[in-house]
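J.: Residue numbers (my numbering), protein chains in the order written: chain A, 1 to 340; chain B, 341 to 969.
I should point out that these hints are in silico values taken from the structure, not numbers from a laboratory. Hints may contain errors.
[Unchecked claim] Footprint (simulated), chain B over chain A, 3 or more residues, beta carbon under 8 Å:
1. 64–77
2. 108–122
3. 128–140
4. 159–169
5. 309–316
[To be verified] A few chain B residues that don't get close to chain A, going by computed Cβ distances all over 12 Å:
6. L380
7. L391
8. D479
9. Q511
10. E548
11. T622
12. P794
13. F795
14. A807
15. D833
16. D853
17. R908
18. G936
19. G950
Ideal Cβ positions, reconstructed from N, Cα and C, are used throughout, including at glycine.
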Amino acid sequence: MNVQVPAEKLTAKDFASDQEVRWCPGCGDYAILKAMHKSLADMGVRPENTVFISGIGCSSRFPYYMATYGFHTIHGRAPAIATGLKLSRPELDVWMVTGDGDALSIGGNHLFHALRRNIDINILLFNNEIYGLTKGQYSPTSRVGQRSPSTPMGSVDSPAEACVFALGCNARFVARGIDVQAKELGELFSRARAHKGASFVEIIQNCIVYNDAAFAGFTEKAVAADMQLHVKHGEKMIFGKERNKGLKLNTQTFALDVVTIGENGVTEADILVHDEKNKVIAGLLSGLRPPRFPEVLGVIYCDPAPSYETAVAAQDAAARAKGPGDLDKLMRAGNTWQVT
Amino acid sequence: MNLQADDIRSGAPDGAPVPKSDLDAIVVRFAGDSGDGVQLLGSQFAQETALVGNSLATFPDFPAEIRAPTGTTYGVSAFQINFGSRPVKTAGDQPDVLVALNPAALMVNYKGLRKGGLVILDSGAFKDKDIKRAGFTVDPRTDGTLKEFRVMEIDISAQALEVAKPFGVSQKEALRTKNLWVLGLVSWMYDRELKSTMEYIARKFGAEDPIGKANLAALNAGHAYGETHELSGDVAPVSVPSVKVEPGTYRLVSGAESLAWGLAAGAQLAGLELVLASYPITPSSPILHILARMKQYGVTTFQAEDEIAACCAAIGASYGGKLGVTASSGPGIALKTEAIGLAIGTELPLVVVNTQRGGPSTGLPTKTEQSDLFIAVFGRNADAPMPVIASRSPGDCFDVAIEAVRLATKYMTPVMLLSDGYIANAAEPWLIPSMADYTPFKVAFRKDPEGFHPFVRDEKTLARAWAIPGTPGLMHRIGGIERDYNSGNISYDAANHQKMTDTRAAKINNIADDIPEQSVEIGEAKGKLAVVGWGSTFGPINRAVANMRAKGHDVSHIHIRHIWPLPRNLGALLKSYEKVLIAEMNNGQMLQLLRGQYLVDAKGLLKVSGQPLKISEVEDAIRAQFASV
Ligand code: SF4
Numbered sequence: 001m002n003v004q005v006p007a008e009k010l011t012a013k014d015f016a017s018d019q020e021v022r023w024c025p026g027c028g029d030y031a032i033l034k035a036m037h038k039s040l041a042d043m044g045v046r047p048e049n050t051v052f053i054s055g056i057g058c059s060s061r062f063p064y065y066m067a068t069y070g071f072h073t074i075h076g077r078a079p080a081i082a083t084g085l086k087l088s089r090p091e092l093d094v095w096m097v098t099g100d101g102d103a104l105s106i107g108g109n110h111l112f113h114a115l116r117r118n119i120d121i122n123i124l125l126f127n128n129e130i131y132g133l134t135k136g137q138y139s140p141t142s143r144v145g146q147r148s149p150s151t152p153m154g155s156v157d158s159p160a161e162a163c164v165f166a167l168g169c170n171a172r173f174v175a176r177g178i179d180v181q182a183k184e185l186g187e188l189f190s191r192a193r194a195h196k197g198a199s200f201v202e203i204i205q206n207c208i209v210y211n212d213a214a215f216a217g218f219t220e221k222a223v224a225a226d227m228q229l230h231v232k233h234g235e236k237m238i239f240g241k242e243r244n245k246g247l248k249l250n251t252q253t254f255a256l257d258v259v260t261i262g263e264n265g266v267t268e269a270d271i272l273v274h275d276e277k278n279k280v281i282a283g284l285l286s287g288l289r290p291p292r293f294p295e296v297l298g299v300i301y302c303d304p305a306p307s308y309e310t311a312v313a314a315q316d317a318a319a320r321a322k323g324p325g326d327l328d329k330l331m332r333a334g335n336t337w338q339v340t
Numbered sequence: 341m342n343l344q345a346d347d348i349r350s351g352a353p354d355g356a357p358v359p360k361s362d363l364d365a366i367v368v369r370f371a372g373d374s375g376d377g378v379q380l381l382g383s384q385f386a387q388e389t390a391l392v393g394n395s396l397a398t399f400p401d402f403p404a405e406i407r408a409p410t411g412t413t414y415g416v417s418a419f420q421i422n423f424g425s426r427p428v429k430t431a432g433d434q435p436d437v438l439v440a441l442n443p444a445a446l447m448v449n450y451k452g453l454r455k456g457g458l459v460i461l462d463s464g465a466f467k468d469k470d471i472k473r474a475g476f477t478v479d480p481r482t483d484g485t486l487k488e489f490r491v492m493e494i495d496i497s498a499q500a501l502e503v504a505k506p507f508g509v510s511q512k513e514a515l516r517t518k519n520l521w522v523l524g525l526v527s528w529m530y531d532r533e534l535k536s537t538m539e540y541i542a543r544k545f546g547a548e549d550p551i552g553k554a555n556l557a558a559l560n561a562g563h564a565y566g567e568t569h570e571l572s573g574d575v576a577p578v579s580v581p582s583v584k585v586e587p588g589t590y591r592l593v594s595g596a597e598s599l600a601w602g603l604a605a606g607a608q609l610a611g612l613e614l615v616l617a618s619y620p621i622t623p624s625s626p627i628l629h630i631l632a633r634m635k636q637y638g639v640t641t642f643q644a645e646d647e648i649a650a651c652c653a654a655i656g657a658s659y660g661g662k663l664g665v666t667a668s669s670g671p672g673i674a675l676k677t678e679a680i681g682l683a684i685g686t687e688l689p690l691v692v693v694n695t696q697r698g699g700p701s702t703g704l705p706t707k708t709e710q711s712d713l714f715i716a717v718f719g720r721n722a723d724a725p726m727p728v729i730a731s732r733s734p735g736d737c738f739d740v741a742i743e744a745v746r747l748a749t750k751y752m753t754p755v756m757l758l759s760d761g762y763i764a765n766a767a768e769p770w771l772i773p774s775m776a777d778y779t780p781f782k783v784a785f786r787k788d789p790e791g792f793h794p795f796v797r798d799e800k801t802l803a804r805a806w807a808i809p810g811t812p813g814l815m816h817r818i819g820g821i822e823r824d825y826n827s828g829n830i831s832y833d834a835a836n837h838q839k840m841t842d843t844r845a846a847k848i849n850n851i852a853d854d855i856p857e858q859s860v861e862i863g864e865a866k867g868k869l870a871v872v873g874w875g876s877t878f879g880p881i882n883r884a885v886a887n888m889r890a891k892g893h894d895v896s897h898i899h900i901r902h903i904w905p906l907p908r909n910l911g912a913l914l915k916s917y918e919k920v921l922i923a924e925m926n927n928g929q930m931l932q933l934l935r936g937q938y939l940v941d942a943k944g945l946l947k948v949s950g951q952p953l954k955i956s957e958v959e960d961a962i963r964a965q966f967a968s969v
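Input sequences plus hints: build the corresponding full structure.
T.: Here it is in C-alpha cells:
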C-alpha cells in the first residue's frame, strides 16, 4: 500500500463514525462505546487496521458507530466470521461485539470453538440479562424468576454464566467490567488487545428499557464498594468501604469465603492473593455471584498459549518455504499418458 | 454340488456371449464386502486401463455404513468401470462382467448384469452361513438363480491364503489380498499392464513389508491363474483398442480432484489466496482433504465447528480480501443458507460448492442425486438471487470451478457450484489443461478514497467496490441490514429497499450477457425433440441421443451449465423444438424452472433412485416421446 500513514495522534473523536447512535437514551451501551473510542485513541491503534465484527442484538450495532472497519453480521455467527477474517488477515486487530443472547444462546457453539481454538480476537460480551432488540424476552443469562413477555410467571430456566462458560471453553483470557466504569473498561480493552489469543471480556450492561437496575445490587453507588471486588494480579483480594473485607480460601470446602479482617482472628495475611495465571482461582472467582459474594471485576484469568491463526500461518509458511506451487506440475504428477 | 475352482459354466440360453475381441466397450463391476478393498481394486484397474489408452468412466458405489457387519448386503461396496475404444460417456447401464467376492455382493448386483454376462465369484466365500446372511434361502449357484449368466467359480479365498503363506502374514491379512488377486486375473483377461499397480504396492508398503510382498504375490498369482488355466472361450484375454482422442497429456481425474484444483486455479487467475472453510460431510469431504494438502498453492483450509461456521468463516475471509470458499452437501447447504443471504446482502464474493446427494434430510449420503437445484436457485429467505452453475463430469469440474471464481469476484456475489456424488467420486481420463490457456481475471481492490462508499458500483457489472480492511482512508461498515444505495449506510427507506432489491436482481441477471449462449451438444438447433439435461446426466443423455439419432430419430441434446441466470437464448432455443424432454435425477426441478421461465410444455424423465441415469432409460424416454406424437 502506497498511502502514507499519517503520524499524528488520533483522539477519541477520530474513532467515532458519522452515524447517529440509535440506542435508547440512557442505555449502558453508550458508555461502553465512549470508553472504546477513548481507549483505541489511547492505545494509538490505526483505524484502518482495526475491525469490529458483531452479531445481532442491541450491542451488535456497535460497529456502525466506529470509524474503523466494521461488519454487522448475523445472529450468533460473529465468532465464525471473525475467525475467517483473522485467519486470512492475522495482522488486523479484530474485535467482536456480542450480547448474552447472541453469544450464549444462538451462537454458543461458535463462541465455544473460538475460545478453545484460541484465535486472536477480542470478544466483548455485553451482558444485560435480557433480549433488548426483540423487546424484552428473558435471555440465557436471566436469573430464575425473571418476568418477561415470554416468561409471564417468571423464568424457570437455569442461567448461563458468561465467565464460567468462557473458562470452561479453555479461554486463556477472561475478564469482567461494568459499562459505566470507563477507566477500568479502558484498561480491560487494552489488556484484551495485548493478549495474543482469544480474549473474553464480559461487560455488565444496563438495559434501561427492559431490565433496568438488574445489577443495582452491586452497581449502585451506595453498595458498590461493598459489592465489587476489583482483582489485580499479585494483589490481595480486598474490598469494602472500609477495605476490610476479603476472600479467603476455605481449605475444608475448597471454596472461597468472604471474611472480615480483624474479625474471628482473620488478618490480612489470610486474604488470598490474585494470581491471574492460576486457573483454579479463576474458576472459583468467576463463579462468585452477588449478593452472597461481591461481583468480581478485572482480569480474572490470563495465561497466554499459542494462538490458532499463528499455528495455521506457520504451517502455510512451512509448506510455501520451497516457493509457490505450480499447478501445471501438480496436475501432471503421478500416472499420466501421452496421446499423439 | 461340489464345483471345481475353475469350473466355468456357459449357461445363458438367450444371452449373447461377451464380445471377444476388439471390444467397443465393456462394463465390469467389482463387488464385495466393504472390507474387501473393492474400491482400490477398481481404481487400480481404472488406472491400468487409462494407461493403455482406453476411454473410460467409473462409478464407485459405496455402502452407507463404514463398518457394516461383514457379509451383509448393506455392507456391499462396488466399483463399476466402463471402458472401450469409442468415447465412453457413462459408467455403463449394465455390467457385462460381475466379480462378486461374497454372496451378499452377488445378491445386491446380479440382477443388474446383462443377460449372458459373466459372473466371477469367490466360491471360498460361499459357506452356508454366508449365503443365508446375504438373504438367499438356497445356494444361488445351484437353484437356477444365475441361469441367465455364465458363471466362473474360483476359490479366490483359498488362492489368496495359499499365495500369502510364505510371507508369514496373518490369515486376515492374507484374505485381504483377494482384491489384488482379482486385479491380477482381470488384468490378464483384458490385457492390462500390472506395472502401475506394482508401483502402487511398492509405494504403499515399501519393498520389505511382508504384507506388501503378499499383495504383490497375489497380484501376480491372479494374473498367472488366468494364463495357466487357459480360461477358454469367452473369458479368454481380450484387448480393447485405444480410443481416438485429442492429442495431449492425459491422466485419470476424479470430480473432487479437478474441482479442488479448479478452485485453486481460479483463485490464482483472480490473483487471490484461497481460504476453504468446510465441515466434514459425505460426499463433499474429499475437496477439503485435497485442498488441505495444497497450502503451497496459496490455499489455507479451516475445518470449522459446523456448516454455518464454515460458511461464515469463508465470508470472513472474503471480507478480508481472500477468496472464501465453502464446500458441502445437501444438509450442510441447508444450514448455510442464512449466511449465504448475508453474502448476497453485503455483496461479498463466495463460492459455495454443493456436492449433491440423496435426500431429504440425511437421505442417501453415499448416493447421487440432483435434487438441490431449487435450494441453489431459490432456497433463501427473501429475494436473494445468486448465480448457480453445474458441472457435467469429473473433468469438467475444473473449468466450472474457475467460472465460479470468476463470477464471484467479478460480480461481488456468492456463487453456487453444483456437483454431485457421482461426479465427485467417479474418475475419467482427462486432457490435462495448461494454466497458460486461461485468461487471468485479476481482482483490483479499491484503494482510492475519492468518491468512495462501500456500495459504489461498477456501472456495467453493478458490482460494488471491494475495499478490504487495512486500506487507509476507506474505513466503512457493512452488514445484513439494508444499505442505502448512495452511501452504504443503514437504510430503512421504502424506495431505497425497492431500488436495492432491483439492483441485486439486475446484477445477477446481467451475468447472462457474460456467459456463453446455450449451444446444442448434438443434433440441430430445432426439430422434433430436444432432450435437456444439466450436471452429471450429461453422459447417459449424450450417448442415448447419439444412439437414437443413429437410428434416424430427429432428437437433439442440450446441456445446461449456467443454471442461474440462464443463457439469454435458451427460451427461444427450447421453443424451436416440437417437444422438450428434461432428464434429471430429481422430481422435476429443472423441469419446473424451465416451464416457469419460458412457458414451454416440457416433459420430464425423472429418476430419484440414488443411481445415475442409464442410457437405456433415456432411450426409452425418447422412444416414448416419439410414440406419443
Ligand atoms: S433495549 Fe436496552 S439494551 Fe437495547 S438499546 Fe435500549 S436500553 Fe440498550
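J.: Does each hint hold? Answer for all of them.
T.: Hint check results:
A count of 11 residues in the segment 64–77 of chain A with a Cβ less than 8 Å from any Cβ of chain B is obtained; the coverage claim is therefore met, three being the minimum. Under the rule that three or more residues need a Cβ within less than 8 Å of chain B, the assignment of the segment 108–122 of chain A holds, with 4 such residues. Closer than 8 Å: that is the beta-carbon criterion, and the segment 128–140 of chain A has 0 residues meeting it against chain B, so the requirement of 3 is violated. Remark: the segment 159–169 of chain A is not confirmed as covered by chain B, as 0 of its residues place a Cβ nearer than 8 Å to a Cβ of that chain, below the required three.
Only residues whose beta carbon comes within less than 8 Å of a beta carbon in chain B count, and the segment 309–316 of chain A has 3; three or more means the coverage holds. Its beta-carbon lying about 15 Å from the closest one in chain A, L380(B) satisfies the requirement of being farther than 12 Å from that chain. Not every CB of chain A is more than 12 Å from the CB of L391(B) (nearest about 5 Å), against its label as outside the interface. At the 12 Å boundary, the C-beta of D479(B) stays outside the reach of chain A, the nearest C-beta of that chain being 41 Å off.
With a minimum CB-CB distance of about 33 Å to chain A, Q511(B) clears the 12 Å threshold, and the non-interface call stands. Every Cβ of chain A is farther than 12 Å from the Cβ of E548(B); the closest lies at roughly 24 Å, confirming the non-interface assignment. With 12 Å as the threshold on Cβ separation, the claim that T622(B) sits away from chain A holds: the shortest Cβ distance comes to roughly 21 Å. A beta-carbon of chain A is positioned within 12 Å of the beta-carbon of P794(B); the least distance is around 10 Å.
Annotated as non-interface, F795(B) keeps its C-beta farther than 12 Å from every C-beta of chain A; the closest such distance is 14 Å. At the 12 Å boundary, the C-beta of A807(B) falls inside the reach of chain A, the nearest C-beta of that chain being 9 Å off. Distance to chain A confirms D833(B) as a non-interface residue, since its nearest Cβ pair spans about 15 Å, more than 12 Å. At roughly 30 Å, the least C-beta separation between D853(B) and chain A is larger than 12 Å, which holds for a residue marked as non-interface.
With a cut of 12 Å on Cβ distances, R908(B) stays outside the contact zone with chain A, its closest approach being about 32 Å. Listed as outside the interface, G936(B) is consistent with that label: its C-beta sits roughly 30 Å from the nearest C-beta of chain A, beyond the 12 Å cut-off. Residue placement check: G950(B) keeps its beta carbon more than 12 Å from all beta carbons of chain A (closest about 31 Å).
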